[in-house]
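Novice: Residue strings, one per chain:
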Amino acid sequence: MSFEVRLADIRCQYGTQILFEKINVTIPAGGAKIITGKSGSGKSTLLETIAGVLPAQSGSVIWDDHDLATAPRVVVAGLELRSAVVFQQHALISYLPLFENIALPLRHHRRGTKAEIDEKVSSLIGRLQLHRVAWNLPESLSEGQRRLGSIARALAISPEMICMDEPTYGLDDEQRKLFQPLFEELVADESMTVVIATDDPKIFSREGLSILNLNPKVEL
Amino acid sequence: MRGNSLILNLGRGMIGKFESYHSMVGLFYDTLISLIRGKGRSVPLKQLTNQILFIGVDSLIINLVIGLLAGIAISYVSFENMDNLGVSNQFGILMVYSIICEMAPLLTAVVVVGRSGSALTTFLGNMKVCREIDALESMAIDVVEYLVLPAFIGMILSLIALNFYFNIVALVGGVFFAKITKGISFAIYSSQILDAMVWSDIPFTIFKSILYGIIIAVVSSYHGLVVTSFRIVPRAVYRSVVTSISAILLISIPLSVVYHVVRSTLGGY
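Order-wise, the sequence lines are chains W and G.
The working numbering numbers the first residue of the first sequence as 1 and each following residue consecutively.
The working numbering numbers the first residue of the second sequence as 1 and each following residue consecutively.
A portion of the hints provided could be inaccurate.
Unchecked claim - Below 27 angstroms or equal to it, Euclidean Cα-Cα: the simulated DSS-like pairs (lysine-lysine) are:
#1 G:Lys-46 <-> W:Lys-114
#2 G:Lys-46 <-> W:Lys-120
#3 W:Lys-177 <-> W:Lys-38
#4 W:Lys-120 <-> W:Lys-177
#5 W:Lys-202 <-> W:Lys-177
#6 W:Lys-38 <-> W:Lys-22
What the hints assert, rightly or not - Example chain W residues on the side facing chain G (calculated, C-beta under 7 angstroms, incomplete):
#7 Glu-80
#8 Leu-81
#9 Gln-89
#10 Ile-93
#11 Leu-96
#12 Pro-105
#13 His-108
#14 Phe-204
I should point out that these hints are in silico values taken from the structure, not numbers from a laboratory.
Don't be surprised by glycine CBs; every beta carbon is placed ideally from N, CA and C.
This is chain G alone, in the form it adopts within the complex:
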């Protein structure tokens, strides 16, 4: 009997998980339809501005600090090991691939999940418990259009911008660190980085930011909108953070493998 109940509970848990993923896909679909139907005109501008300010502008400093530290760390590890291996001329490739293609979109997304994704879940969860969501619906205000869509667009635009700044700070910081500690010419390493880049690196890193932005916005909104009581809000927040980061990592790996193949055919290393 005990074994049966264990299997039953596992089964119920799995069904519950699949139902929630199914609902998240449904929320993404509704958001997309809302965006297409309104052709962008239906996005409440004040809400969108607030979201961009909160997600993008308020996260800028912490994002820049992490970008600078990541650039310095990669630069340091590279110089310490590449010289010994006799491949120091590959510095540019390593910086481009590790920072532009991988770390910038990933670390930016992780910062935004922890800071803004969790805040979005709390915000929507509290609104749900205080019946503000019901009030909006009773006024025939579409909650997806009024609350989720501005967060969705704001999240994507902010991630693209934060990714851009992360890249600049990490690359410049890494090269300056090399100059200060090893005395190597700024011009040489800058040209190594520029030579190592292929045109597709920029759209690829932007594409990743868009994808991560969609994941964070949809997962965080979903977990906020299914809250039923104040007691559930903290649980919804950790679920939203864990689900977002897991989904981002799961998507990031196959995406990088595919891009590696594409990049090679485009004339990259």
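For reference, chain W alone in the conformation it holds in the complex:
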């Protein structure tokens, strides 16, 4: 079961510059939202606020009827276990090989036996064609391989909500071809709420997909 995400009167300001304000958006359970805008328009900040990585400066982020700022820590931790984030900087753990990076949330939260986890990780690695570099450390991977690795890590826990920041950044043509059907699958999957921040909305153009443009004026 995916969960609904609601943003109520979200505002972000750095110094005297207002990045965005009066953001009132509801992303229904199983729905998808694309956040677009120019570089520096606050897409990543908004995405990370939605993902609960950054606390909202003002306003509320509500996951499944729980306000992230006021809900008890144990409730938020429970919700975090059901969601995943793909960071712009990939954020793979530098001392773990790619395979162990993808397996990390599964092993840490004991989501299956060792054989089950290894099988799940191998299948993700196979799908994203990362088998050749599965035991390499992140430092020896290309930008595209790191990006796909961090997407695989996010998908490993079968999240009910996934937030991806620039998921196609650094992907070559072939890797984009691998990503496209995966994206279609995620959007079509009603058991997963998808939020994507990108400055390349073309790849995500799809009929009926809800887009939030942060550029000239906030779309409410």
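Starting from the known structure of chain W, arrange chain G on it as the hints suggest.
Specialist: Just chain G now, with coordinates in the frame of chain W:
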């Protein structure tokens, strides 16, 4: 106006310092709770092994060399001066108190601060800047439990072990130096050292290692976790080293004074 701004800046600096000490105490509390709550089961074993290898095993050689040199130095200074003062029979007491109770835990801690404490701050600081800490949190992985707790336990266990080896090498080295340079019997001075020891010397030196281990782990982790950019990492490292050494010295002095009184009542000198 200028005076006002100076006072304002001093005040802000002091408040900032107290806030950081308060946060360090908070981190220590969280680590302790994490340890108690998990009853040790939640400690990632691979992480703990890596920490013990890095802090303990990799520091062993430099620790042994420093221990040997310290033992020889104390032995040399003692023989040169104690004979003149007519108190050469106090050699054992001097070796026990200066090495077992003071120098071994202190010098071991200083070596570990410079080598492993600074490395821990850099490691966590880089992880913070590369968003790896955020990634762990977003996966609902408790950073204190996953990163700080193994370093905390590893630091304490490594310091106890390094302290033990330092003591052995320093005492044996000091006695051998006496034998070689002065030709004094190994057995006589060994028995002087054993006679000078009281039972509480061992738990006291272990207690100091535990305390210093806690200080190094908490201070180094704290300074790593508050890094905000790569530019700040070197500053965080020197702050972590200076704070750790200052805290260790500040604690070491009252601890030694109290122990001196306790030791006297237990039948020591």
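Novice: Does each hint fit the structure? Answer for all of them.
Specialist: Against the structure, the hints:
A distance of roughly 15 angstroms separates the Cα atoms of Lys-46 (chain G) and Lys-114 (chain W); the hinted pair therefore holds under the 27 angstroms criterion. Restraint check for Lys-46 (chain G) and Lys-120 (chain W): satisfied, since their Cα atoms lie roughly 22 angstroms apart, inside the 27 angstroms limit. Pair hint Lys-177 (chain W) plus Lys-38 (chain W) holds up; C-alpha atoms about 24 angstroms apart against a cutoff of 27 angstroms. Among the hinted pairs, Lys-120 (chain W) with Lys-177 (chain W) is consistent with the structure: their alpha-carbon atoms are about 22 angstroms apart, no more than 27 angstroms.
Our distance criterion of 27 angstroms between C-alpha atoms is met by Lys-202 (chain W) and Lys-177 (chain W), whose separation comes to about 14 angstroms. Between Lys-38 (chain W) and Lys-22 (chain W) the alpha-carbon distance is near 19 angstroms, which keeps this suggested pair within the 27 angstroms criterion. The criterion of a C-beta within 7 angstroms of any C-beta in chain G is met by Glu-80 (chain W), whose closest approach is roughly 4 angstroms, and the hint holds. Interface restraint check: Leu-81 (chain W) against chain G, minimum CB-CB distance 5 angstroms, threshold 7 angstroms, status holds.
With a cut of 7 angstroms, the hint placing Gln-89 (chain W) at the interface with chain G holds, because the nearest CB-to-CB distance is about 5 angstroms. Interface hint at Ile-93 (chain W): satisfied, since its Cβ lies 5 angstroms from the closest Cβ of chain G, which is below the 7 angstroms cut-off. Taking 7 angstroms as the C-beta contact cut-off toward chain G, the hint placing Leu-96 (chain W) at the interface is violated, the least distance being around 10 angstroms. The interface hint given for Pro-105 (chain W) holds, since its Cβ lies 4 angstroms from the closest Cβ of chain G, which is under the 7 angstroms cut-off.
Taken as an interface hint, His-108 (chain W) checks out: its beta carbon lies about 5 angstroms from the nearest beta carbon of chain G, inside 7 angstroms. Hint status for Phe-204 (chain W): violated, given a least beta-carbon distance of 22 angstroms to chain G, over 7 angstroms.
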